[in-house]
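Line by line, the protein sequences are chains A and B.
Residues in the first sequence are numbered from 1 upward in steps of one, following the working numbering.
Residues in the second sequence are numbered from 1 upward in steps of one, following the working numbering.
Bear in mind the hints are in silico, worked out from the structure with no lab data behind them.
None of the values given here were measured: they were computed from a predicted structure.
Just so you know, not all the hints are guaranteed correct.
As the list claims (entries may be wrong) - Sample of chain A residues at the chain B side, in silico, Cβ under 10 Å:
#, residue
1, G21
2, V38
3, E40
4, G228
5, Q232
6, R233
As the list claims (entries may be wrong) - Not the full set, but computed from the structure, chain B residues with beta-carbon under 10 Å of chain A:
#, residue
7, Q27
8, P28
9, H30
10, E50
11, E63
12, W70
13, R78
14, L108
Idealized CB from N, CA, C, for every residue including glycine.
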Amino acid sequence: MSWFTRVVSRIFWRRRERYSGLAEEIREHLEEKTEQFVREGMSREEAVRAARWAFGNATLIEEQGREAWQWPRLESLIADAKFALRQLRRSPGFALTAVLTLALGIGANTAIFTLIDSIMLRPLPYPQQERLMRISGTDEQGRPSAEDFPKGWIRAWQEHSQSFESISGYASSTESNVTGNDQSERVFGSAVTVNTFDTLGIYPAVGTFFTPDNAVSGRDLVVMLSYGYWRQRFAGNPGVIGETVRIDGISRRIIGVMPAGVRFPYADTQFLIPISFKGGDPIDQWKDFDNRAFGRLKDGVSPAAAQAELRRLHPALLKLFPWTMPDSWEANTDVVPLLDSVVGDTRPRLLLLFGAVGMILLIACANVANLMLARSTSREREMAIRGALGASAARIVRQLLVESVILGAMAGVVGLVLAAVSLRALTGLLPADTPRMADIALHWPVFLFAAGASVLTGVLFGLVPAIRMASPDLQQALRSGSRSVAGKASQARISMLLVMGQIGLSVLVITAAGLMLHSLYSLSRVNPGFRTDRIVTAEVALDATACRTQGHCQEFFSELLDKTQGIAGVENVALVDSLPMSRGYDLNYPFDAEGHPRQPTQQAPQGAGRLVSKGYFDTVGLNLVRGRFLTDSDQSGASRAIVVNQQMAQTLWPNQDPIGKHVEELADEPTPGLLDPNVALVVVGVVSNTHHDGLGSGFDDEVYLPMTEKNERPSMTILLRSQTGAAQTAAGLRRAVAEIDPLVPVTRVRTMDEVVTASTADSRSLTVLLLGFGFLALSVGAVGVYSLIAYTVSWRTREIGIRLALGARRRDVVMMIVRQSFLLALGGSIAGLFAAAVSGRLLKQFLFEVSPLDPLTFCVVPLLMMLLALLAAWVPARRAASIDPMKALRTE
Amino acid sequence: MTNSKQEARDLFPGALEMMILESLRRQPAHGYALVQHIQQRSNNLLQVEEGSLYPALQRLLKEKLVKAEWGISATNRRVRIYQITAAGMKHLEREKSSFEQMFEGIALVLNPGKAIS
Chain A
1 MSWFTRVVSR IFWRRRERYS GLAEEIREHL EEKTEQFVRE GMSREEAVRA
51 ARWAFGNATL IEEQGREAWQ WPRLESLIAD AKFALRQLRR SPGFALTAVL
101 TLALGIGANT AIFTLIDSIM LRPLPYPQQE RLMRISGTDE QGRPSAEDFP
151 KGWIRAWQEH SQSFESISGY ASSTESNVTG NDQSERVFGS AVTVNTFDTL
201 GIYPAVGTFF TPDNAVSGRD LVVMLSYGYW RQRFAGNPGV IGETVRIDGI
251 SRRIIGVMPA GVRFPYADTQ FLIPISFKGG DPIDQWKDFD NRAFGRLKDG
301 VSPAAAQAEL RRLHPALLKL FPWTMPDSWE ANTDVVPLLD SVVGDTRPRL
351 LLLFGAVGMI LLIACANVAN LMLARSTSRE REMAIRGALG ASAARIVRQL
401 LVESVILGAM AGVVGLVLAA VSLRALTGLL PADTPRMADI ALHWPVFLFA
451 AGASVLTGVL FGLVPAIRMA SPDLQQALRS GSRSVAGKAS QARISMLLVM
501 GQIGLSVLVI TAAGLMLHSL YSLSRVNPGF RTDRIVTAEV ALDATACRTQ
551 GHCQEFFSEL LDKTQGIAGV ENVALVDSLP MSRGYDLNYP FDAEGHPRQP
601 TQQAPQGAGR LVSKGYFDTV GLNLVRGRFL TDSDQSGASR AIVVNQQMAQ
651 TLWPNQDPIG KHVEELADEP TPGLLDPNVA LVVVGVVSNT HHDGLGSGFD
701 DEVYLPMTEK NERPSMTILL RSQTGAAQTA AGLRRAVAEI DPLVPVTRVR
751 TMDEVVTAST ADSRSLTVLL LGFGFLALSV GAVGVYSLIA YTVSWRTREI
801 GIRLALGARR RDVVMMIVRQ SFLLALGGSI AGLFAAAVSG RLLKQFLFEV
851 SPLDPLTFCV VPLLMMLLAL LAAWVPARRA ASIDPMKALR TE
Chain B
1 MTNSKQEARD LFPGALEMMI LESLRRQPAH GYALVQHIQQ RSNNLLQVEE
51 GSLYPALQRL LKEKLVKAEW GISATNRRVR IYQITAAGMK HLEREKSSFE
101 QMFEGIALVL NPGKAIS
């Protein structure tokens, strides 16, 4: 901005200099002339007068000299602006309505643009962030499901790729116990490769980053803190560098703090530990498929070229695995900008909302255009006089456009304020996992956008009335002092078209909202396949290292089951390692099944495996289809019993008895299972399917495993079905846990209903926002209909008076007005529904079991519009009916 | 705004500028000297209001046809001395030839007899 003010001030400074120079020149000229006259023998007084006479009007000449430098256009524009402000002050009602209507539209647009700018457009806080790429794999079907790599794979890329300056990896987000003096807290952290900070191109706020040495197992007991966590837990004390913290029972030395504003790799990451390699262990670096990859492109290398290179490298790198990998594994490597991958599917949602608020702005513009048209009738004489005095049409259009742009600018300021005020509430309506939530703020592009939107809307709504007003029939306008009997047909047509357009746009927005609402309703009607009522869930987590002492975790959780069983009011208790419908759940259970032999180069089937206590089936209400549930005796591991769901039983063994069939879980290496009947797991029961991953997704193969000593986990989710309230049950749970070990944290206490509700947060948020915008569109549109009808009535007062005088019944008059409003709504609805049908394709990806041409929505919305039209026409119609013919005919 | 003197001058637009440029082509001068020069050369036939020179000079300055520098005049005054620029030269040539054409045309119309001979 500063260069602009510099240029402007320079221009004005130079002007001032020129003007004073000119004045001095003129003064000198006069003196020189005077002196000459004196030399020729005049008296001094006479000479001064003669010099002035010869020179002419000095003031005027000075002014003309200045004009040579001025911008006559700009300066007359300022005059126009002053005049426009006077005009608006003279009709405050009009100005207020117009500004408020537009401000709503501009405000909504600015607010949504703020989200778009903050989430989608703002660069990530890394230097040359456009060169940072997310590298992910997709299978041959293009599904991005398997996007995680073993650390050795990422290292191999780093060593072999020529397209990237460096390639780094990070592990999944894990919640860990960070232990202080008195209690543990659950904190999210992640492991990253030691070159992560070079790739990102950032420097620590305090201390240092990891060194290559930290990548060696045994020398990796260090930790970096996020800026926020450092401030919160360590009060921003730089002295913590070198101190140790216990994370999941392991002491790590704090070596540095991430820079402020960097949230990496996840929004809630509070600490980072290095990914380390065990030297001499050939399996170690290939076994955990838990890392995501990203890299920094070399200058001049395009993402497409880098992607092609990585795909070319794939077959060779695949041979580095110490075992045979399926050819298709991560065969299609994708390289996409990191920013795009962070934004993900929030982009289409934001764009949808942007579309909706765009409609609102158009509706508001149409409203104001109509107001201006109505006003134009009363200003017709003014324009005619201007025209008669020689103002060109272009000049009048400019004057009127200046007026509307000023209205737009005022609305822009109010709208910006509205957006700023409502931003917090808007952010609150977004799903909690929206990317870059913490970055949402008004940055300078938002102001630019608001300014642009204001000017553009000003032109948009000003142009039609301005052009119409600029070409008035001069004679007609000057001659007829009063309104004609029937009003002007052409103007009415424009107004009616505008109102129909408004209704059409409202219908479009409302239809989108209606479809989303219907979709959300369908989603909420889906039976998740398990009971959700009266269940309280909570996560109880031991340190991640607790299970190293074999049996310790199992012992703790059995004791917990016993203790919680005794809480007053509790009917059922169960444990599960991963709650259904909690986010980020992958198909974690690769297996081979009896009767389904497989080549090593083929992918193994994947199911959703859950470790459960025996009470799980009862607690969540799964139905037993065949066989039996898991029992206490299965916990020893001797029975090798598992329970599968109907879906799995039917796809693997159709028309066979699934009971007694063998299944083998595969470790990371995809060598086909041997299915030795003496070692493999045995199906002992079949239970009903659940939508374990979300109400909208289909059934997966599900496997329920008993909690044995072999597969014990440090962190489990407990489910308590209770007759007492959730708060009371949770309190009982906390007491029970504290009795066993006061250092074990109990977190994420939620009811099962809340868990299911949270799983639809994305849809709900979008629906709520669209409904809100739909309501806004409707109200602005309704105001439009109302003001047009009201205006028509006042316009037709004489006509109605004549009708009444000639014997028309008042009911007929009411009907006449209502019919007009009705026709407007009908026309607008048809146009809007047509547009909705055409653009429905865009909505399809957001809809669950609802067609973009959903008949229910397409019927309800026009009915709603009709109702609205009726309401909007009611007051004006009543007024029309109560017209006194005598008065109406007398008024001029 | 319009007074009798201006009407008497009856110059067509651009004429004053042309005369200024022509004078400056001969030698740089300050405003007062320019007026004197133009009046002398025209044998006082042209009733140029002295002041009207200045807006014309400002226009020429803006078009960058002349440039100006503060200096000291022969009578020891601080004056702005104007000088024609290369662009001004070109402009002057163009204007002069178009003016001559116009003048010739007008002369032909006004003196039809001469045109035949």
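Structure-based check of all given hints:
Annotation: interface hint on G21 (chain A) holds; nearest CB of chain B at approximately 7 Å, less than 10 Å. This hint is violated: V38 (chain A) has a C-beta 12 Å from the nearest C-beta of chain B, more than the 10 Å allowed. Proximity of E40 (chain A) to chain B is violated relative to the hint, the smallest CB-CB distance being about 13 Å (cut-off 10 Å). For the restraint placing G228 (chain A) at the interface with chain B, the shortest Cβ-Cβ distance is roughly 59 Å, beyond the 10 Å limit, so the hint is violated.
Against a cut-off of 10 Å between C-beta atoms, the interface hint on Q232 (chain A) is violated, since the closest Cβ of chain B lies about 64 Å away. Proximity of R233 (chain A) to chain B is violated relative to the hint, the smallest CB-CB distance being about 68 Å (cut-off 10 Å). Residue-level restraint check for Q27 (chain B) is violated (minimum Cβ-Cβ distance to chain A is 18 Å; threshold 10 Å). Interface hint at P28 (chain B): violated, since its Cβ lies 15 Å from the closest Cβ of chain A, which is beyond the 10 Å cut-off.
At a threshold of 10 Å, the smallest CB-CB gap from H30 (chain B) to chain A is about 8 Å, leaving the interface hint in force. Because the smallest distance between the Cβ of E50 (chain B) and any Cβ of chain A comes to about 5 Å, under 10 Å, the interface hint for this residue holds. The criterion of a C-beta within 10 Å of any C-beta in chain A is met by E63 (chain B), whose closest approach is roughly 9 Å, and the hint holds. The restraint placing W70 (chain B) at the interface with chain A holds, with a minimum CB-CB distance near 8 Å, inside the 10 Å limit.
Taking 10 Å as the C-beta contact cut-off toward chain A, the hint placing R78 (chain B) at the interface holds, the least distance being around 7 Å. Hint status for L108 (chain B): violated, given a least beta-carbon distance of 35 Å to chain A, over 10 Å.
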